[in-house]
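Colleague: Build out the structure end to end from the sequences listed, making use of the hints.
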Amino acid sequence: MEKRAHISGWTLPLLLILPQMAITVIFFYWPASQAIWQSFLREDAFGLASEFVGFENYVSLFEQPEYYRAMVTTAIFSSLVAFFSLACALLLATQADKNIRGGQAFKTFLIWPYAVAPAIAGVLWLFMFHPTLGTLSKPIKAIGIDWNPMLNANHAMTLLVLSATWKQISYNFLFFLAGLQAIPKSVIEAAAIDGAGPLRRFWTVIFPLLSPTTFFLLVVNIVYVFFDTFGIIDAVTGGGPAGQTTTLVYKVYADGRLGGDLGGSAAQSVILMIIVIALTAIQFRYVERKVQY
Amino acid sequence: MMKKSLLGALALGLATSTSAFAQTELQWWHAMTGANNDVVNKLAEEFNASQKDYKVVVSYKGQYADTLNAGIAAFRAGNAPHILQVFEVGTATMMGARGAIKPVQEMMKEAGEKFDPQAYLPAITGYYSTAKGEMLSMPFNSSSMVMWINKDELKKAGVAEIPKTWPQVFDAAKKLKAAGHDTCGFSNAWASWANVEQFSAWHNIPMATKANGLDGFDTEMKFNSPQHVKHLQNLVDMQKDKTYDYSGRDSKSEGRFTSGECAIFLTSSGFYGNVKANAKFDWANAPMPYYPDIQGAPQNSIIGGASLWVMGGKKADEYKGVAKFFTFLSDTDRQAKLHQESGYLPITKAAYEKTKASGFYEKNPALQTALIELTNKEPTENSRGLRFGNMVQIRDVISEEIEAALAGQKPAKDALDTAVTRSNQILRQFERTVR
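Keeping their order, the protein sequence lines are chains A and B. Take the first sequence: its letter number 187 is residue 187 in my numbering, and every next letter is one higher. Take the second sequence: its letter number 355 is residue 355 in my numbering, and every next letter is one higher.
None of these hints come from the bench; they were simulated from the model. Careful: at least some of the hints might be erroneous.
[Unchecked claim] Derived DMTMM-like pairs (lysine to aspartate or glutamate); straight-line CA-CA distance at most 25 angstroms:
| id | chain 1 | residue 1 | chain 2 | residue 2 |
| --- | --- | --- | --- | --- |
| 1 | B | Lys-315 | B | Asp-38 |
| 2 | B | Lys-174 | A | Asp-146 |
| 3 | B | Lys-242 | A | Asp-146 |
| 4 | B | Lys-61 | A | Asp-228 |
| 5 | B | Lys-240 | A | Asp-146 |
| 6 | B | Lys-252 | A | Glu-63 |
| 7 | B | Lys-410 | A | Glu-63 |
| 8 | B | Lys-410 | A | Glu-288 |
| 9 | B | Lys-61 | A | Asp-234 |
| 10 | B | Lys-151 | B | Glu-161 |
| 11 | B | Lys-354 | B | Asp-331 |
| 12 | B | Lys-320 | B | Asp-331 |
| 13 | B | Lys-155 | B | Asp-241 |
| 14 | A | Lys-138 | B | Asp-250 |
| 15 | B | Lys-222 | A | Glu-66 |
Modeller: Here's what the structure looks like:
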């Protein structure tokens with residue numbers, strides 16, 4: 001007969017989950033509730049005078065055309081970065097997974113960019129593509145493009161997508177590589193014996209079997225673009241030109257930290273929190289159904 | 001470097017632990033890097049060595065905005081520093097927080113320190129004083145905007161004299177472009193500071209009502225005047241073929257001057273050290289250009305840089321120490337030396353006169369240009385300074401709209417109208433929080 005450990009009473013289980021609970025409460029629920037509370041206040045930067053204003057911060061937010069523009073920018077930016085960083089990482093991972101000489105070295109090199117801080121990654125790309133000082137802007141200009149991310153919003157967005165994608169590829173690569181190595185060789189060999197070519201093997205066998213990893217990465221990448229890219233935006237474009245690369249999270253930072261508008265900034269972060277929760281819920285509800293574990 | 005400062009700190013620690021026992025520590029938070037950081041450290045060291053009762057302890061808190069935020073956060077947590085360095089655009093934020101600060105003039109009086117507001121250069125202290133002339137903070141590093149000139153390139157392009165007016169600058173830029181500067185005839189850093197803030201003061205046009213906000217927080221923006229629109233329109237027209245080329249909202253692109261790309265470049269007089277070290281050509285600087293058809297121009301320029309704010313809620317004895325430190329800073333010899341070595345503007349009249357008398361400017365005319373601009377005429381209510389709440393945000397709004405106009409998304413007039421409307425919303429928001 002199976003032996004079962006019995007724990008009598010609630011004390012020990014509670015004690016065991018207490019550290020985890022404490023961390024969640026202190027580092028998530030407490031700041032989140034503070035943000036919600038702050039979003040109903042109007043306060044000066046020093047906190048000398050604060051006044052409860054109800055939903056006024058939210059109302060004035062939705063009266064700003066800039067806020068809607070930031071939403072659109074965020075949607076474009078996040079889909080581009082998520083798509084390109086997943087696609088490039090998958091391509092690199094499938095290639096690195098093959099038995100090639102020096103494969104180990106390739107793998108190591110591909111992981112390196114992840115260790116670079118976002119702001120530094122931003123500065124690196126900024127200098128490479130600086131309209132006049134950049135080493136890469138010269139060849140671009142030579143082929144007849146008037147490269148100027150300082151005034152041209154499309155150029156600025158391209159530059160941001162490039163640097164944010166570059167930064168995230170390593171992370172995705174690592175997970176894809178692990179995912180690929182977990183696929184049993186026998187399945188692929190069986191497909192090969194049945195006469196499936198490499199491309200067909202990839203789309204009908206490998207890609208579906210990789211879908212849990214892809215799904216997980218999609219969620220992580222969306223969250224990454226929503227929250228972690230503001231260092232890059234700050235360094236590369238500062239939200240410009242003409243506010244056209246200001247995403248939701250960058251606006252939170254700009255209004256709150258640079259502008260000292262704590263109430264408005266808190267209201268924005270609450271909305272951002274709701275958006276991300278909703279996005280994640282949708283992904284789990286609908287996309288996950290198609291995932292084969 | 002690291003080792004040296006560590007040793008220094010150690011030595012300082014040893015010295016204090018053996019000699020003085022009742023020393024009062026005064027915290028000074030600042031945002032200075034590089035050579036300017038050394039200046040801060042040296043000043044503190046000299047002050048600490050000059051007397052026994054007080055010890056100024058300096059800490060670097062990041063860039064200007066970070067330092068201000070660190071100060072605000074510390075105040076909210078109840079442990080603000082005694083002295084906080086705040087950039088000029090943070091002035092209204094500090095002033096609005098009356099309960100958080102100690103006005104410098106009041107502190108000097110209470111501490112019984114000798115203090116004469118008349119001894120300071122009005123063009124500098126005006127920015128940091130109330131409408132009644134009460135000095136609120138102590139100017140520290142001040143600069144103004146000047147026009148930097150690459151004399152070699154001007155000569156090559158056949159421009160005989162350094163341009164004085166905007167039409168002359170445009171003319172010179174066209175010649176420069178024809179002579180091979182096809183990516184940049186002229187340019188400027190600090191989009192909003194140059195084309196709106198300094199432009200208004202230099203031409204004696206109001207940027208906003210209520211003496212640009214100095215007379216009250218209920219100020220309203222007015223920088224969409226025909227003159228402002230005309231200037232922006234000129235830039236827009238020349239941006240098309242790069243006779244003018246935009247260089248961004250901050251000073252990141254100043255390298256375009258030192259690299260030789262832009263031969264005419266408007267930016268801070270604080271650019272001096274960089275030019276001196278990196279420009280491999282014959283250079284000079286000159287006052288900002290003006291439109292001769294605007295009456296009264298040129299007026300006087302306004303300052304940029306930062307000042308030292310004293311935080312509220314400290315003990316009387318601590319304020320006494322801060323007051324002593326400010327007297328130490330204002331000393332004529334020290335100010336003159338600081339000005340000549342670092343390129344900061346002197347804050348007292350005596351220090352300026354002393355430097356003038358010593359013949360220093362004959363050998364270093366580049367260091368006097370900003371002072372000539374600032375003292376060009378008696379300041380009017382359009383040129384005494386600016387005081388706008390949430391100015392950091394307003395600057396971004398102005399830069400955004402300038403960018404939109406330069407990119408051809410909207411006409412210059414629309415861009416400035418929108419910038420005014422959006423800035424006014426920010427001002428109203430601020431007005432409500434300081435009530």
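Colleague: Determine for every hint whether it applies to the structure shown.
Modeller: Quick rundown of the hints versus the structure:
For the hint linking Lys-315/B to Asp-38/B, the alpha-carbon distance of about 29 angstroms lies beyond 25 angstroms, and the restraint is violated. Proximity of Lys-174/B to Asp-146/A is assessed by CA-CA distance (about 20 angstroms); at most 25 angstroms being required, the pair is judged to hold. Using a Cα cut-off of 25 angstroms, the hinted pair Lys-242/B and Asp-146/A holds, with the two alpha carbons roughly 11 angstroms apart. For the hint linking Lys-61/B to Asp-228/A, the alpha-carbon distance of about 23 angstroms falls within 25 angstroms, and the restraint holds.
Simply put, Lys-240/B and Asp-146/A have alpha-carbon atoms about 11 angstroms apart, close enough for the 25 angstroms limit, and the pair holds. At most 25 angstroms may separate the alpha-carbon atoms for a hinted pair to count; Lys-252/B and Glu-63/A exceed this at roughly 33 angstroms. Only pairs whose Cα atoms come within 25 angstroms are accepted, and Lys-410/B paired with Glu-63/A is accepted, the gap being roughly 21 angstroms. Of the supplied pair hints, the one linking Lys-410/B and Glu-288/A is violated, its CA atoms being roughly 45 angstroms apart against a limit of 25 angstroms.
Straight-line distance between C-alpha atoms of Lys-61/B and Asp-234/A comes to about 19 angstroms, which keeps the hinted pair within the 25 angstroms bound. Of the supplied pair hints, the one linking Lys-151/B and Glu-161/B holds, its CA atoms being roughly 9 angstroms apart against a limit of 25 angstroms. For the suggested pair Lys-354/B and Asp-331/B, the alpha carbons sit about 12 angstroms apart, so the restraint of at most 25 angstroms is met. Of the pairs offered as hints, the one joining Lys-320/B and Asp-331/B holds, with about 17 angstroms between alpha carbons and a cut-off of 25 angstroms not exceeded.
With a C-alpha separation of about 22 angstroms, the suggested pair Lys-155/B and Asp-241/B falls inside the 25 angstroms cut-off, and the hint holds. A C-alpha spacing of about 23 angstroms is found between Lys-138/A and Asp-250/B, which places the hinted pair at or below 25 angstroms, so the restraint holds. Of the supplied pair hints, the one linking Lys-222/B and Glu-66/A holds, its CA atoms being roughly 22 angstroms apart against a limit of 25 angstroms.
In summary, the structure is inconsistent with hints 1, 6 and 8 from the numbered list given earlier, while agreeing with the others.
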